[in-house]
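Starting from the known structure of chain D, arrange chain S on it as the hints suggest.
Heads up: the sequence lines are chains D and S, in that order.
Per UniProt numbering: the first sequence = residues 1 to 721.
Per UniProt numbering: the second sequence = residues 1 to 721.
Take the hints with a grain of salt, since some may be wrong.
To be verified - Listed next, the in silico EDC-like pairs over lysine to aspartate or glutamate satisfying Cα-Cα at most 20 Å (straight line):
| hint | chain 1 | residue 1 | chain 2 | residue 2 |
| --- | --- | --- | --- | --- |
| 1 | S | Lys24 | S | Asp3 |
| 2 | D | Lys438 | S | Glu51 |
| 3 | S | Lys438 | D | Glu51 |
| 4 | S | Lys548 | S | Asp566 |
| 5 | D | Lys24 | D | Glu51 |
| 6 | D | Lys438 | D | Glu179 |
Honestly, the hints are just simulated from the structure, not real lab data.
The structure displayed is predicted, hence computed values, not measured ones.
Spelled out from the first residue to the last, the chains are:
2 protein chains.
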Amino acid sequence: MVDLNSLLYPRSIAVVGASTQPDKVGGMPIRLLRELGYAGRLYPVNPSAAEVQGLRAYGSLADIGEPVDLAIVAVPASASQDVMAQLAGNGTRAAVVFTSGFAEAGEGGVRMQDMLARSARDAGVTLLGPNCLGAMNLRERMFATFSPIPLSGVPPVGEVGLVSQSGAFGAYAYALAREAGLGLSHWVTTGNEAGLQVADVIEWLANDPNTRVILAYIEGCRDGQRLRQALAAARAAGKPVVVTKVGTTAAGARSAQSHTASLTGEDAVYQAVFDAYGVHRAHTLEEFFRLGYVLSRGRRPAAWQRPEGSGAAAVTPLAIVTVSGGVGIMMADRAEQLGLPLPPMPDDAAGALRTAIPFASTANPIDVTGQVVAQPRVFMDAIAGVARSGAYGCVAAFLAGGANAPRLWPELQQTIGALSEDAHAAPLLLAGIVDDDKRAWLEARGCLVFSEPGHAVEAVATLARAAALEAGRGTSPETGPRRDALPRGLPPEAAALSEYEAMRLLADAGVPVAPHGLAHDADEAVRIAEGLGYPVVVKLCSREILHKSDVGGVALNLADAQAVRDAFARMAQAVAQARTDGGAPVPFEGVLVARMVRGWGEVMVGVRRDPVFGLVALAGIGGTAVEIFRQSACGLAPLSCAQARAMLRDSRAAALCEGHRGNPVVDLDAAAQVLATVSQLAADLGERLDTLEINPFIVTAQGLVAADAVVTLRPDRRTAS
Amino acid sequence: MVDLNSLLYPRSIAVVGASTQPDKVGGMPIRLLRELGYAGRLYPVNPSAAEVQGLRAYGSLADIGEPVDLAIVAVPASASQDVMAQLAGNGTRAAVVFTSGFAEAGEGGVRMQDMLARSARDAGVTLLGPNCLGAMNLRERMFATFSPIPLSGVPPVGEVGLVSQSGAFGAYAYALAREAGLGLSHWVTTGNEAGLQVADVIEWLANDPNTRVILAYIEGCRDGQRLRQALAAARAAGKPVVVTKVGTTAAGARSAQSHTASLTGEDAVYQAVFDAYGVHRAHTLEEFFRLGYVLSRGRRPAAWQRPEGSGAAAVTPLAIVTVSGGVGIMMADRAEQLGLPLPPMPDDAAGALRTAIPFASTANPIDVTGQVVAQPRVFMDAIAGVARSGAYGCVAAFLAGGANAPRLWPELQQTIGALSEDAHAAPLLLAGIVDDDKRAWLEARGCLVFSEPGHAVEAVATLARAAALEAGRGTSPETGPRRDALPRGLPPEAAALSEYEAMRLLADAGVPVAPHGLAHDADEAVRIAEGLGYPVVVKLCSREILHKSDVGGVALNLADAQAVRDAFARMAQAVAQARTDGGAPVPFEGVLVARMVRGWGEVMVGVRRDPVFGLVALAGIGGTAVEIFRQSACGLAPLSCAQARAMLRDSRAAALCEGHRGNPVVDLDAAAQVLATVSQLAADLGERLDTLEINPFIVTAQGLVAADAVVTLRPDRRTAS
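In isolation and in its complexed conformation, chain D is listed as follows (with noise of 0.2 Å):
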């Protein structure tokens, strides 16, 4: 992890390019610094002022006669070399720095960055930067940015950490958050990465006491390793952390070979590291800031039921209490959408509101009608029965402007005060109008405000997923490639193994295949076919022939051996008539005689290589259903069983297992088990693995059973080294 106190938490501060004019990028740090009561050692560094903003200034570096924890650097691109060695002469641990004209100016700029980087990790300097908005620490009244948003106001001092790649989007995000008076602890931009990623602050921030959320603009990511174990810090510390990340990345060209890249775009990768590490998504601002609100104000649901993915909503049973039935149904959608279950009203609670108005909806949502207005005490006492009766993990009421009305506020303040210092109770999100000061005093007693109300079930649902996060602290599910668990007898150039070998694989892998053997003559292959008992397939073995269909490679359901016999024959001779690339003779490898497997469904899994990622998973229906619908799951390789499983039903896959349409029911774990096998598999291939795609896996009532494989592998570094 690396180290960013010198960053956030400086001692002293050089501000190198210290201008005498307050609002230029050299002078407004040291104007914000000043005026904002940083109380730290500050020296502005100008070789041609005695004084800056009545300071006095040092012509280098070396005349501060102290190293400084961090250096704030506003000089042209030109000068930064220069500077640099200044930094490491005086011992200066971290450098922030403005200046732009580097990666995003052209090549001259990249030449000019790297330099930079390098120079910096020489010197032992950490780097944020260049081209970057700068650093605060709302705290330590640490304003190390050139912007001068923080003139005009500063948010709460808080417990959520905000780390953006780019500037404009953290100052946008700066004064939001100060308009929705969300807590700050910490401000980063990293600009052009040259040192720090955001991974790094998300990492720190996850190790930082004052920061219990964390909330992170990423626009593309250059180290997908970097990141994971990023995510990976922030969820064994237990603190949730809120994404934003817009388009695609410019990510490397992907193998031609398999369909399955195709078929996923780069979101998708993302969507399954945030999956795999618990992270929330916000795909706008209000949602990126409405998940700062409610994951650092909220107060969590008791542990209900495990999600059955980290990437799975939690199921948390939701009470919903209304003034009005028509915005309970609104919520009532929203919690259907999210899987958050409505059960009824527990007896006791129901016969006391019925009995008070007999018109009142007992259901969930609990509709207590506009009675509220002439009856306050029965809708508290129904939020309070429901809150207290163990039945639910969270409460969420509807109270129209009930609550700024004069009647309902004190009855609403004993209520909400009674429950906020009962542990057992179930907590409460309010939807509604309410007045600024109430506000403040019912989110001070853990019960969040929305003045939408599907804001309120959608809370549930994300604090539900936190507090289930949390409850894992410490856990870490990470797997991997298994210790020498390299399949043996791989060849080791580049190669597409033959139809054979990649069954053989998944065999050896205790993936469920089509029964099947390998027969070099026709008589062998009679011989496999009668042993399996027809119909059978017969496929061409070629690793120099990818597409076999095209040369006639593929025959299925034949019924006798006279048509095994003429397969075998047209194969051999389309083998003898195929020539390599190069020109050369193809050579004959057999064919390969298998089961026809008959089901009623068929499962496709693929697992590529994503640059950034690393191994990625896809699993979805065959045929039309991934091709034109596109719809299919992806997550990162190895998946576990829950993982797996929630990919085949989110994926809808799960539907050819459920019985559909009239099928048998097939055990959903154990084709989960199936496809998390198939991950362990390329996980353990590892560096070797290019792709695998098996397309499909027949559903059959034993499970799932591969009936096509394809593999195809990278050249193998040890031996080639």
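Here is chain S on its own, set in the frame of chain D:
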């Protein structure tokens, strides 16, 4: 159309059940009307008080001595009949009944409500309620409600009419509109809808000169034709309608004979209705009001290209100008989701921008970078350049906090001021943090302001739809059954047509069907098969046997005469053994012999009867896609060709026509025409149609060919009566 003038523009109001206590249900309207400045005559009716809140009280309506335009009724349900008689005697034109305890309170209440409705109808009284929160006309300061909410403030008078079935929602919406500064014309809550329904209010608002945009909250609709007529009126008037519709209807039972019904929820039918009339649907309260804001205040882009179907998003080229690359990508992501093209910056403007800021991106999003602070004029020139270039329908600009910056604001004012006076400039939408006074200045010049960048992009799509709707004002694209189009030769009773009858019906209507013939003996079957060419399909024809395949009544892919003879024999035997539900022998109607149509995909098309909205057409890719993914599209029958095309696109069925897997490209318009023809046949069958399902249409190089059809009829009422 129901006339709401007496309800919303009353010159005189009587409050029946007037209370001397201003906070009671019968007192509040008097308080509101007096305190908030209603200018008409106000008559409290209270037999036991001489004076009510300073006004002379009347013992009964008769004592008033003139017919009143509007009576506000706040008496117990038991007294409602008596009051209704008084209203009739007085000649009252409209009544708002607040009283609850009617249909929502059980059977007795339903009866009372029916009586109330009948009395109102007989007396010619326009009835709002019962169990409603009343109505307001903001322009006339007319507050016929018992909600105290207007006491804490009244929204500005504006052009947005709001109608809500739910009183609590209506009150909440009122408060939110006030907070958002949304200008309202009228506010109406319909409650139990014994008289006026939401649809009636929409239709009246469509004709109200003071209303430009209609916001409606609907819980459930009982009279689909009335709602359709109202939405058609709004469309004809060129007035956008925004609807929030929650939950699902308690619709009647579905036909179990077709599985079409199970493939779509009620919500899809509502959506089809909304799509057919160009209704803007809001899924959250925030969106409801935002759409109201956008549609009532936003300048429309010039007509660019008419959308394909009225439900399709208009194609309006958008320029995104941003000070943050990341936020630009976020906006571009949203534009892509909404189908808004982002053509690159025209050369002139691009050249000017690059000259000023060499590292600016002149692709679209146009990124002027953080340089905006140093060079605000460049940003303004970029905005003005694209707005005037003629290349864009709208310009959406992200300014972060820039509008509030002292150096930027005057420049922005100058630019917006000039653009707002230039009729040829594209409308500009801003995203960023903008102080209230500046925001008001911008909005007054037609420049909408959002804090969420994506909302500016969504607003472009909304305004483009509205512009297309307004351009089509006064036109009526309504279609319906063709006069005298009911096909001849249909059985008069409820019946499931035999496969042959169904195929004939389709063929006669102009739907392409597999070439076929009807055979009554094996020789005839073979003759037909040989005429068609093998392979063929043989299907049992019987109105009595619905599930043909259960009795072996479907034989596919028959390759020769013997196979046809065998199939015929099996089916004849199956019929001989079959019995009707009543135990009678089943008459043998022959077998259908049809050519086995080969293609590369299957499309299913169904039409069913929705109990509220009438005939609904459904289309999607057949098999797994429609069953597991429920990926289908819905529309009201008959469909226009453009609507059918949009359905093929929305359901992804169009992908099968677009060269999927190297198959030939099929004319999509021709495929859409087939779908439209099926829907027209259904419309022609009108009241006779129960369900019509073609599953599958085979996708072939020659277009869609129906391979199987199920048609079930309802009894002919003309014959029955």
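Subject >> Pair hint Lys24 (chain S) and Asp3 (chain S), alpha-carbon separation not exceeding 20 Å >> reply: 30 Å, violated
**OP:** Verify the proposed pairing of Lys438 (chain S) with Glu51 (chain D), using a straight-line Cα cut of 20 Å.
**Re:** 39 Å, violated
Subject >> 20 Å Cα cutoff - pair Lys24 (chain D), Glu51 (chain D) >> reply: 16 Å, holds
**OP:** Take the C-alpha atoms of Lys548 (chain S) and Asp566 (chain S), compute the straight-line distance between them, and say whether it is at most 20 Å.
**Re:** It holds: about 16 Å lies between the C-alpha atoms, which stays within 20 Å.
Subject >> Given pair status - Glu51 (chain S), Lys438 (chain D), alpha carbons within 20 Å >> reply: 39 Å, violated
Original post:
Keeping to a limit of 20 Å between CA atoms, is the pair of Lys438 (chain D) and Glu179 (chain D) held or broken?
Top reply: 17 Å, holds
The structure fails to meet hints 1, 2 and 3 from the earlier list, while all remaining hints are met.
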